[in-house]
Amino acid sequence: MKATDQVQNLAKQAKTSRLRLGLALARWEVQLVILLLLAVLASSFLSPYFLDVRNLFDMTFNFMEKSLMALAMTFIIIATGSVDLSIASTMAMSAIAMAIAFQAGLPMGLALVVGLAVGTLGGLFNGLLIGKARLPALVATLGTYALYRGLGYSMLGDLTIKGFPDQFNYLGQGYLPGTPVPFALVLFLALAVVFGVVLHRTTLGRFLYAIGLNEEACRFSGVAVDRIKVLLFTVSGCMAALAGAMLAARFGSTRADIGLGFELDVITAVVLGGVDIGGGSGSMVGVVLALFLLGIVRFGMSLLNIRGQVQSIVVGLLLILAILLPQIIRRLQERATPREGERR
Amino acid sequence: MRSPQSAGSWARRLLLLLASVREVGIVLFLAILIPLISMRQPRFFAVDNFRDILLDIAIVSIVSIGQMMIIIARGIDLSVGSVLGLVAMVVGLMIRDKPAFPMLVAVLAGVAMGLFLGSINGLLVTKGRVPSIIATLGTLSIYRGLVIVISKGEWVDAYRVPPAFVQITRAPLLGAPALIIYALVIAVIFYYFLNYTRTGRDIYAIGSNPAAASMAGIRSQRITFLVFAITGTLAGLSGVLWASRFAAVANDTGTGFELQTVAAAVIGGVNIYGGSGTVPGVLLGALLMGIIVNALTITGISPFWRLAVQGLVILLAVIVDAIIERRLRRVF
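Residue numbers (the numbering used here), protein chains in the order written: chain A, 1 to 344; chain B, 1 to 332.
Looking at chain A on its own, in the form it has when it is part of the complex (with noise of 0.2 Å):
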């Protein structure tokens, strides 16, 4: 008797580790990092030169803009279901906004105090639109998004500004001193734990999903629904423009049309990242994973010399493939086994 109760409890034992070996596997997170993994491997296949340290940390350069307006757009799309479309223009128009004003004799640092206040004031007038007019998010920033843009452009025309001081391009070129780790990847990890800090420790993060889950409800129990929504697209504002700040810095220059399209990676990268675009679930670890997911892709496709308007098929793709893999393998478990389906 005692056998073959241990017996069973072995295989219960097996069957729940087995169970959580599989549950594990079913978690976004760790498929992005197999992802991420492959992803590596094939790029070092294709460069000997590509597992260098150097070249791994000068590769982040790339999509560390994009990284830091993704943080925010995160926040955005858990607690409301839609996006921030004006972000790139937001960047677009507080760069320059910083670049006028050094231009006009402001020291530079007070000038990127300039361009940061622009971009907050953007986002804060798209959070009035949507969270005190209650526009819906997609309409208000689609006009913001042509709005701002159209600001940069009537300020700078197409001239381009240069000639930054040395300090400041420091923040988009440098590193850290004596090692060869970038200034801008230290300032996207260290806001990325502050921004997951938010989201999964505090009563606001809470709130950031309770509101993308049931907003009527939230309302009902006292959440000051609006007043999140109009912080959230404030925040998102804020990081665009320091964003705009880094990828002055990193060109040395700035133009009206910097970062034409980069609300779509950013986009696809929360989504990639396990966001639902529904609102409600996904976590801060999935989008710092798919970011670096992305950027390592774009990097591998470029060491093949292929042009940056076909890599983004392949990220189009893997945006669509991450919603429907998903379900689809769903689909086949349910098909596969119905009895896990009877017993519940």
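Don't take every hint at face value.
To give an idea of the interface, some chain B residues facing chain A are shown, with a C-beta separation under 7 Å as derived from the structure [said to hold, decoys possible]:
no.	residue
1	123
2	129
3	137
4	145
What the simulated footprint calls covered on chain A by chain B, stretch by stretch (three residues with Cβ under 8 Å from a Cβ of chain B suffice, anywhere in the stretch; the number is not a length) [to be verified]:
no.	segment
5	126–134
6	235–248
7	259–268
8	271–283
9	319–326
Think of the hints as simulated: they come from the structure by calculation, not from any bench.
Glycine is no exception: its CB is placed at the ideal position from the N, C-alpha and C atoms.
Let chain A serve as the given structure and place chain B on it in line with the hints.
For chain B alone, coordinates are given in the frame of chain A:
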């Protein structure tokens, strides 16, 4: 005591009701705008200029009608600009390399390709259950990437496009450039389709109340697929028309076009949450945008202001919408 007040509120009600009909709102706005522009620049109020405006908005109008149907059915199609660009490139290359190609075949090939690309969107949204904003964001990138793959970075130049192809849009038809007539015919067809056919009414039904629609036996998946397929077809046709009108195709042809179509729809009073919108409204929305762009150019305002003004118009339209709707709810 009460009668003057109720008379006042009656008048106010009537005004609100009138304002809530978007077509009336835009026409009133245009009635104020057009004299103002004409005073500043008399050249604006000329037959030639109006023909230019109509030519400029014809292609946007055609695709905006499709975009409107998708929005009514609670979706959005961000890929229309890429579909237009891809079809324009393929047809442009075809025409350039084989000028003897029958023009009708070129047009039909473009339309069929648009139908195919739109059907992929439709399948992703219905069978794949991918939210339309994500599915079409993905195909936006994919179709645009394919443009470069096919063109290998080349352009189709104006001087290598055969005149017969250019004539598709430029030849006079019923006293106007053919392109304008095409847009009008398509508008009339879809006005009829949306208002007087069962399928057309079903689009509104699944947009305004999906649960009720499915209980009424409407196959919403089919309808959703249909609107994406139709919009792809219209975008494909527009790609051919674009290549013919401008006699040139670049790799970035049609970039940002999707936002113009959404803007025309939103300004034209299409509810972004689905369920309502009309063909005349969308046409007026496109016309309003076209007149504003034309006025900026003709009055000599820097073209760099164009985008900013377009953004303001979109915001103004939706804000006015929100205010009227709130008032209406309070009054009635």
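Verification of the supplied hints:
1. 123: Violated - the Cβ of residue 123 of chain B stays beyond 7 Å from chain A, reaching only about 11 Å at its closest.
2. 129: holds (6 Å)
3. 137: At about 6 Å, which falls below the 7 Å cut-off, the nearest Cβ of chain A leaves the hint on residue 137 of chain B intact, so it holds.
4. 145: holds (3 Å)
5. 126–134: Three-residue rule met by the segment 126–134 of chain A, so holds; n is 3.
6. 235–248: Answer violated; 0 residues pass the 8 Å Cβ test.
7. 259–268: With 3 residues close enough to chain B, the hint holds.
8. 271–283: Per the Cβ count (3), the hint holds.
9. 319–326: holds (count 4)
Hints 1, 6 from the earlier list are contradicted by this structure; the remaining hints agree with it.
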